[in-house]
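Using the sequences and the accompanying hints, generate a full structural model.
Protein chains in written order, with my numbering: chain H, -10 to 283; chain X, 9 to 290.
Hints listed in this document are in silico derivations from the structure and should not be mistaken for laboratory results.
Any given hint could be a false lead.
Straight-line Cα separation of at most 16 Å, EDC-like style, residue types lysine to aspartate or glutamate; simulated pairs [what the hints assert, rightly or not]:
| no. | chain 1 | residue 1 | chain 2 | residue 2 |
| --- | --- | --- | --- | --- |
| 1 | H | Lys228 | X | Glu181 |
| 2 | H | Lys228 | H | Asp218 |
| 3 | H | Lys(-8) | X | Glu184 |
Chain residues, written in single-letter form:
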Amino acid sequence: MLKRVHYRPSVLPYLLVAPQVAITIIFFIWPASQALHQAFLLEDAFGTSSHFVWFDNFTALFADDQYLSSFGRTFVFSFSVAALSISIALLLAAMANRVIRGSSTYKTLLIWPYAVAPVIAGALWMFMFDPTLGIVTYFLNMIGYTSWNYRLNGTQAMVLVTLAATWKQISYNFLFFLAGMQAIPKSLIEAAAIDSAGPARRFWTIVFPLLSPTTFFLMVINIVYAFFDTFGIIHAVTKGGPANATTILVYKVFNDGFVGMDLGSSSAQSVILMIIVISLTVIQFRFIERKVAY
Amino acid sequence: MVENRPWLTFISHLTMILGILVVAFPIWVTFVASTHDTVRMTQVPLPLWPGHHFFDNLRQAMTKGAYGTGGIPIGRMLLNSLVMALMIAVGKIVISALSAFAIVYFRFPFRMGFFWMIFITLMLPVEVRIVPTFAVVADLGMLNSYWGLSIPLIASATATFMFRQTFLTIPDEMLEAARIDGAGPMRFFFDILLPMSRTNIAALFVIMFIYGWNQYLWPLLITTDNSMYTVVMSIKQMIEAGMMQPQWEMIMMTSLLAMIPPVLVVVTMQKLFVKGLTETEK
Chain H
-10 MLKRVHYRPS VLPYLLVAPQ VAITIIFFIW PASQALHQAF LLEDAFGTSS
40 HFVWFDNFTA LFADDQYLSS FGRTFVFSFS VAALSISIAL LLAAMANRVI
90 RGSSTYKTLL IWPYAVAPVI AGALWMFMFD PTLGIVTYFL NMIGYTSWNY
140 RLNGTQAMVL VTLAATWKQI SYNFLFFLAG MQAIPKSLIE AAAIDSAGPA
190 RRFWTIVFPL LSPTTFFLMV INIVYAFFDT FGIIHAVTKG GPANATTILV
240 YKVFNDGFVG MDLGSSSAQS VILMIIVISL TVIQFRFIER KVAY
Chain X
9 MVENRPWLTF ISHLTMILGI LVVAFPIWVT FVASTHDTVR MTQVPLPLWP
59 GHHFFDNLRQ AMTKGAYGTG GIPIGRMLLN SLVMALMIAV GKIVISALSA
109 FAIVYFRFPF RMGFFWMIFI TLMLPVEVRI VPTFAVVADL GMLNSYWGLS
159 IPLIASATAT FMFRQTFLTI PDEMLEAARI DGAGPMRFFF DILLPMSRTN
209 IAALFVIMFI YGWNQYLWPL LITTDNSMYT VVMSIKQMIE AGMMQPQWEM
259 IMMTSLLAMI PPVLVVVTMQ KLFVKGLTET EK
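Structure below.
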C-alpha cells in the first residue's frame, strides 16, 4: 500500500489530498449523513417542524404495499436485464472468439452502444415501439399482434424498459467476456480437442467454467447498473407508469423526494438503497480477493 | 482455431452479423428519422430509408432548437455538455492523481483514514442522495452554473484506485534516483510519475469523458435556466413538449448529435477505452 521508499510526514500530503477530501465531505459525506438523519425524522404537513421518530419511516415503508411491490419489481427488472444482456453477450463473445477474419471489425461494431446515454437509449426504443407510429409496432401489427401499447399495459412497459436497458449493456459484457476468453490458454482447448471433445462440449466443460469469475463479476455490475443507471430510461420512457408498473426503487426515491416532497420517506428509501449498494460492493470485493488467491 | 469446421465458422459469422444488425437497428432508425420532414414523420408506416431533409433538420436544430427546450439551439447545449464533460474528466483526473500520490508516497497520520473516506464515495451513487446533495448545491449558490454541474461529481474513488495501482507498479528506484538528483516531491510527481502513467491517464480520460457527457439526473435537477441545459437532458424535455405529438425528426436529430461525440471517442480510441474499462472496474 505504502511505497517502501517514501517521503517523511509534512504538510504537503495534506494539501495533496485536500481537494478530494473537501469535495467528498461537502458533496458526499455531509449529504449522506443528512439523508441518514432525515430518515429518522417526520415532518408535519406544512414542512415547518419535524421530530425524531426512530424507525417509523422504515416500518411505514415495509408496511407499504407500493414500496414492497417496487422492491419486487426492481429485482425482477435487474435480474432480467442482467440475465438477458449476459447471455446475449456470452453468445456473441463465443462467436467472435471463434472467427479469425473480421473479428476486430465485429468488435468495433458491437462496443459503441456503451457510449450512448441511458436516456437516449430510452428515447430510441420508445420511438421504435411508439403505439401509433413506431416501426416495430407496425411490424407487430403486420404479424397480427395488435394490442401493443406500453402506455396502457404495465407488462409491456416493463418489457420495453428492460429491452432498452439490455441493449445498452450488451457491449460492456461482450468486452469483458471476450477478454476473458482470450485469456484462456489455447493448450487447454487443444488438449480437449485431441480427446475428441466437440466445440459445444469444449465450451461448456472448459470455457464456461473458466469464465465463471467474469460472469459473477458481470452479474454484480449489471445488477448495480440496472438498479441505478437505468433511471434515465425509466424517467424518459414511462415515468414509472403505467400505474407504477415500472417504478423501480431509485425512481421512487426521486419521485417521493422531489415530486411528492415526502423527505422522511425518501431519505429512508435512500438509506435502504445505500445499504444495498454497500452489500453489493462488499460481495464484489470479497469475490475479487478470492480470485487473487487462485 | 483448433479444427476446421466451415459450417460452424459460417454460423459464427451469421450470428455475429445478426447480432450487429439487431444492435445497430435502433441507430439506423434514428438516422432515418432525422432525414425526413415533419409531415412524413406522422405517416404510418414510418420510413426505413433516408430522406432528403437531413441538412434542413440539422440547420433547424443547431440554430433554432426544437419544442420543449425554450428556443435554445442544440449547438448551445452541445457546448454545455462539452464543458461539463471536460470539467468532470479533467477534474477527476487531477484531484485523484494528487490524492493517490499522497497516499502511496507519503507516510502521514490519518493516511488510511483518508483512503477509506475516499473509498466510501464509491458506494454512494448520486441517485441515492439526490435530495440532500441538491440542498447543499443550492445553499452554495451553484445552481445553473458549470461549477454546480461538475464539481459535485468530480470526487472519484475509481480514479484514485486506478492511480494508486499504477503508482504501485512504478519501481522504487525511480524515487531513489530522483532524490539523488535532488528533485523534490512535486518535481518527482510532474516529471516522472505523470509521464510514466500517460496511457492510464488517457484511458481514464476516455471513460470519464463518457461518464460526464452522459450525466442525466444531476443536470436535470440543478439547471432551471434554459441556457444551461445539456444536450442529453434536453431529449426528455423534447419528448414531453406540451400537448403536441413529439416532433420525432428533431428528437432523433438531437439524439444523434448527443451520441456522436461519446461514440466517436469510443470508436477512435478503442484501445484506450477497453483499457480504461477493464482497469477502472477492478
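Results of checking the hints against the structure:
A threshold of 16 Å between alpha carbons decides the hint, and for Lys228 of chain H with Glu181 of chain X the separation of about 57 Å lies outside it, so the pair is violated. With a C-alpha separation of about 15 Å, the suggested pairing of Lys228 of chain H with Asp218 of chain H holds against the 16 Å cut-off. At roughly 11 Å between alpha-carbon atoms, Lys(-8) of chain H and Glu184 of chain X fall within 16 Å of each other, so this suggested pair holds.
Going through the hint list in order, the structure does not satisfy hint 1, though it satisfies all others.
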